[in-house]
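Enquirer: Mind docking chain B on chain A? Use the hints.
What follows is the residue order along each chain.
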Amino acid sequence: MNIPVSEVDIQAVRFWKRVIIKGISLFLLVNLLFAPVNPLPMLGKISAYNRIFPGRVRFPYGEKPDLAYNMSLYSLQAMFASHELAAGKKPNDEYRVLLVGDSSVWGYLLKPDNTLAANINALSLKVVENKTVRVYNLGYPTMSLAKDLLILSDAMLYQPDLIIWLVTLESFPIERQLDSPILQNNPSSMQDLIRHYSLNLDLNDPRFSKGNFLNDTLIGQRRALADNLRLQLYGVMWAATGVDQYYPPSYDPPQEDLDSNVTFQGMQPPELDAKDLALNVLSAGSLIVGKVPIIYVNEPIYISHGQNSEVRYNFFYPRWAYDQYRQLFKQTCQQNAWRCLDEWNLVPADEFTNSAIHMSPLGTQMLATELGEAIISIHQP
Amino acid sequence: MLPLIIIIGLTLVIGLLTHSRWRSWSLLVASILVIYWLQPSTPIRHLDFWLPTACLGLSIFGWVITSQRDAIFARTNVLAEVVIFALVLLLGAMRYLDPICCLTPTRPPELGQIFIAVAIISACSFFLSRFGQGRVGWLYGLSILILGFFVILKSEPLARLASMGLRSINAQSVSLATGLDIRWLGFSYVAFRLLHTLRDRLSGRLPGMTLQEYVIYVIFYPAFTAGPIDRIQRFVVDLHQPEKFSAERALQGGRRILMGIFSKFVLADGLALLALNSINADQVISTGWLWIMLYAYAMRIYFDFSGYTNIAIGLGHLLGIQLPENFERPYLKTNLTLFWNSWHMTLANWFRAYFFNPLTRALRSRPKSLPFPFIIFIGQLSTFILIGLWHGISWNFAIWGAWHGLGLFIHNRWSELMRSKSLSIEAHPRLKGLVSVMGVVITFNYVSLGWVWFVLSKPDQSWKTLLKLFGVG
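Respectively, the protein sequence lines represent chains A and B.
Just so you know, we're using the numbering used here here: the first sequence kicks off at 1 and counts up by one.
Just so you know, we're using the numbering used here here: the second sequence kicks off at 1 and counts up by one.
Derived from the structure by calculation, the hints contain no laboratory data.
Be careful, since some hints might not be right.
[To be verified] From the derived model, a few chain A residues whose C-beta atoms are all more than 10 angstroms from chain B:
(1) Asp-66
(2) Glu-271
(3) Met-366
[Said to hold, decoys possible] Derived CB-CB ranges, DEER-like:
(4) Asn-215/A with Ile-120/B: 51 to 57 angstroms
(5) Arg-230/A with Gly-9/B: 25 to 31 angstroms
(6) Asn-345/A with Asp-282/B: 51 to 57 angstroms
(7) Pro-206/A with Pro-3/B: 31 to 37 angstroms
Even for Gly, the Cβ is constructed at its ideal location relative to N, Cα and C.
Chain A extracted, bound-state conformation (with noise of 0.2 angstroms):
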């Protein structure tokens, strides 16, 4: 049958619109949808890490994705799903501990291997029950203890026996804690550590993202929807490469001769203030962990020799600052009857890499072989 061309336009037409009015409805019932249900937590959870690929050995971050087949991104459903913590079920003989801390324990400039996780697994310990230490490195690049507890909150589900938790001073200004991207990011989580614990963090800090109906919507969240599914692709490059961070072909070494400023992110000798550090972050953690036995590690800093070092030690710390810090540590650990490491000083300068925390891989297995021993001395009587 010839259909006149007219007859053809006016089908195309009909066809047409019957398209633009169903991909409009569809489009607009999914973006109303999405907002209410919110189920990105779920698909966070959905990954081929673990499955088709191996666990990664530490959490995705990295600014260079292409170099480093890695990224940073929001969701901690999706961070941990593609952990190698979340591969299954524990196995009965191992004795699971997990580090918790900033950049130095993620690994900053360290290849997989040569992480302090890594490095203390090298180390083959034994604890209790002939069990074998399997240490899982939940270290994130950023300074606050509240992003460590954030994460530590929802470590627990994997049942750890043993939690290292590494800090130093720079995490614990009151004012540092909400800046951690991740935490702005998941701020609901967040503000429930604030209530639940009572934490003396503001529960409406402007640094929180606002949610609000469009931004739940699809559109709103599809930038975290890309990321998640970029984060699934880049499972093949790490499986392929075993790469997880770009390192670059230089770096500067952390600053030797310093400033003559003595001032302590706004703090001025002679006392720092123990209501300006968030020591009750620690505690909160404490109480989470519930009967798991935690350590607190003072993890090793880079020591300056050089032009007004008798007045600071490196780039981040005036010495009277960090110093009492020292003791403030001390005495909450005593107070509260924590296991507590101070290694402050284990690791010589030469052995630091682009910062006064981030450790070379020889500074990284000194702490590691520190932290082996302590994990034995748990258990013994």
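Expert: Chain B only, in chain A's frame:
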């Protein structure tokens, strides 16, 4: 995506609202605006303005020496030239209109400089119309000039030298010159179109056409950056007798554009995250993953390129211009010859028409005739080495070309050898099916292995990667 959305909108407006001669004028204006707009910025001052201007200049020269004598003075051609130059000046004048400055990525040069450039192009056109029109020497001369630009742009050391020259003219630091400074958007395809018209003029196959038609053909904006390479004879017919804009046509065009967008921005860009490249080739730790990365690259380059082609063809549909197909399920072909009949078809056809056929004809017509297989060998090898070098003058591209040239020659000989057995295979449907599947697998893998030479930049790295793919090293 935003430029693409704007271009789709522009195309719809032209397709819907313009008719007869206004349609050609609007296409001319739109194409000129788009080539200036899409030209990426370069570190060499004002080059992002001069490169599209050079495209227009070369197009005008190409038209002048391929057109009939005195055509340059015909009213419609003078008008086209005035429109082109007025647009160039208008685009240049945007440097003085701060709120809307500029269509080019950086501020255009002084208007005086643009006037001088326009005057030089006009003077050269006039000179060519008086002394060069249709003359074989000038046709070859312009071809050599275009090939010269091509060689400079595709060769890293020459491009760097050219950059140094341009930088010194601009009083910019010569020491910062690199081979990547001169990013001339669309030049490869412009060159092919110009060479096609020059060659057809030499062989007497080029019909007379107006400046407007010629320039639209050379810089037709849907196909400007990534082809396909149309033939001017066919293009001009569509230009003047476009299909009526209809919902049916819009549907066809819209479908191709959506397919293209999905191929390019979803599939190709997604696969790019895991495709083989010169960095991850050295990092990969297992043979299995290396194969996956190689296949990802093979699919990525296909979806990327065919995606752009789909968008171009879709935009063409909206304008009533049927651009030629460039891809036809190439990875499902049962042999390499069929692959090259369905992969970047317009490029392969171009080389077939203007290099392979003349070369093999010349070799066959030698008084002391060469053996046929040898002629095929020479023809295919040299054609594909040239195709390789078109992508960039480097050992790797040459080897990639040779890989395909050799593959085609081997397939040619194999087909000859198997000719007697093909009838018996045809008689057994199962066997035929099996042979076809094997053919697809072998062809796809041969092509994929060839990409190792294409995607990596150093022959030693490519060789190491090839060995690694087979578990060696």
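Enquirer: For each hint, tell me whether it holds in the structure or not.
Expert: Each hint, compared with the structure:
1. Asp-66: About 8 angstroms separates Asp-66/A from the closest Cβ of chain B, which leaves it inside 10 angstroms; violated.
2. Glu-271: holds (51 angstroms)
3. Met-366: With a cut-off of 10 angstroms, Met-366/A remains clear of chain B, as the shortest Cβ separation is near 28 angstroms.
4. Asn-215/A with Ile-120/B: 51 to 57 angstroms: holds (56 angstroms)
5. Arg-230/A with Gly-9/B: 25 to 31 angstroms: holds (29 angstroms)
6. Asn-345/A with Asp-282/B: 51 to 57 angstroms: Violated: the Cβ-Cβ distance is about 39 angstroms, outside 51 to 57 angstroms.
7. Pro-206/A with Pro-3/B: 31 to 37 angstroms: Taking Cβ atoms as reference, Pro-206/A and Pro-3/B lie about 36 angstroms apart, which means the hint holds.
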